[in-house]
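Peer 1: Taking the hints into account, I'd like the entire structure generated from these sequences.
Chains A and B supply the protein sequences, listed in that same order.
Oh and the first sequence: position 28 is 28 in my numbering, straight run, nothing missing.
Positions in the second sequence are counted from 1; adding 1000 to them yields my numbering.
Worth double-checking, as some hints may not be accurate.
Stated by the list, open to error - Each computed DSS-like pair below joins lysine-lysine, with the alpha-carbon atoms no more than 30 Å apart:
#: 1; chain 1: B; residue 1: LYS1067; chain 2: B; residue 2: LYS1036
#: 2; chain 1: A; residue 1: LYS44; chain 2: A; residue 2: LYS27
#: 3; chain 1: A; residue 1: LYS44; chain 2: B; residue 2: LYS1068
#: 4; chain 1: A; residue 1: LYS51; chain 2: A; residue 2: LYS62
#: 5; chain 1: A; residue 1: LYS62; chain 2: A; residue 2: LYS44
#: 6; chain 1: B; residue 1: LYS1068; chain 2: A; residue 2: LYS27
#: 7; chain 1: A; residue 1: LYS44; chain 2: B; residue 2: LYS1070
#: 8; chain 1: A; residue 1: LYS44; chain 2: B; residue 2: LYS1067
#: 9; chain 1: B; residue 1: LYS1056; chain 2: A; residue 2: LYS44
#: 10; chain 1: B; residue 1: LYS1036; chain 2: A; residue 2: LYS44
It is worth saying that the hints were derived from the structure and are not from the lab.
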Amino acid sequence: NAGVMQNPRHLVRRRGQEARLRCSPMKGHSHVYWYRQLPEEGLKFMVYLQKENIIDESGMPKERFSAEFPKEGPSILRIQQVVRGDSAAYFCASSPTGTGADTIYFGEGSWLTVV
Amino acid sequence: GEDVEQSLFLSVREGDSSVINCTYTDSSSTYLYWYKQEPGAGLQLLTYIFSNMDMKQDQRLTVLLNKKDKHLSLRIADTQTGDSAIYFCAESIYSSASKIIFGSGTRLSIRP
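Peer 2: Here you go:
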């Protein structure tokens, strides 16, 4: 049973380009969370999604960032017109029910570098 | 409000015990966690404790929770070089759709 799969693991983008980060949750999990880790900081919650629905996006920047979790396929975190401050590690997590938080599993992360 | 605080650095001698401390502010937290992160890697869930427990032990790891003071600690017995990492304290806020609030991490270094 594969864990939470994220790709790409490392991504380099020039300022102004778009970054797309993908997350495939664990088999049987329909709840996905995205977190961002800035250098030398802890993880900050960004967004919580269920299939085809955004449940909580209180941690998402108001502009340039969007997330989706379609009925088929992985969850996508999209960052438009990237800036240097977007350079960070982006972690995805999944859970089967969205409750009982001990069952949240994290992926290995996607490291975005904006040059 | 939601806030988790921990000291940034801890240095211990190999073979000694490490104690990493954490304070949190939200009294409605349900689970409290300790995660380990090695350089360039993801998060490894080390252990967690339900908020109505005082203590949990798992091999070399002991978690203590003082709910009155909102203080959580992680003790690593017989610290080894492989324990060098950043340790994150985190809490889940059940009322907020299970999102987890992380501290900034404590960097544990081991000296010979």
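Peer 1: Each of the hints needs a verdict: does it hold here or not?
Peer 2: The hints, checked one at a time:
1. Simply put, LYS1067(B) and LYS1036(B) have alpha-carbon atoms about 23 Å apart, close enough for the 30 Å limit, and the pair holds.
2. At roughly 25 Å between alpha-carbon atoms, LYS44(A) and LYS27(A) fall within 30 Å of each other, so this suggested pair holds.
3. Annotation: proposed proximity of LYS44(A) to LYS1068(B) holds, straight-line Cα distance about 26 Å (limit 30 Å).
4. Annotation: proposed proximity of LYS51(A) to LYS62(A) holds, straight-line Cα distance about 22 Å (limit 30 Å).
5. Of the pairs offered as hints, the one joining LYS62(A) and LYS44(A) holds, with about 15 Å between alpha carbons and a cut-off of 30 Å not exceeded.
6. At roughly 39 Å between alpha-carbon atoms, LYS1068(B) and LYS27(A) are farther apart than 30 Å, so this suggested pair is violated.
7. Annotation: proposed proximity of LYS44(A) to LYS1070(B) holds, straight-line Cα distance about 20 Å (limit 30 Å).
8. Between LYS44(A) and LYS1067(B) the alpha-carbon distance is near 23 Å, which keeps this suggested pair within the 30 Å criterion.
9. Under the criterion of a C-alpha separation no larger than 30 Å, the hint pairing LYS1056(B) with LYS44(A) is consistent with the structure, at around 26 Å.
10. For the hint linking LYS1036(B) to LYS44(A), the alpha-carbon distance of about 16 Å falls within 30 Å, and the restraint holds.
In summary, the structure is inconsistent with hint 6 from the numbered list given earlier, while agreeing with all the others.
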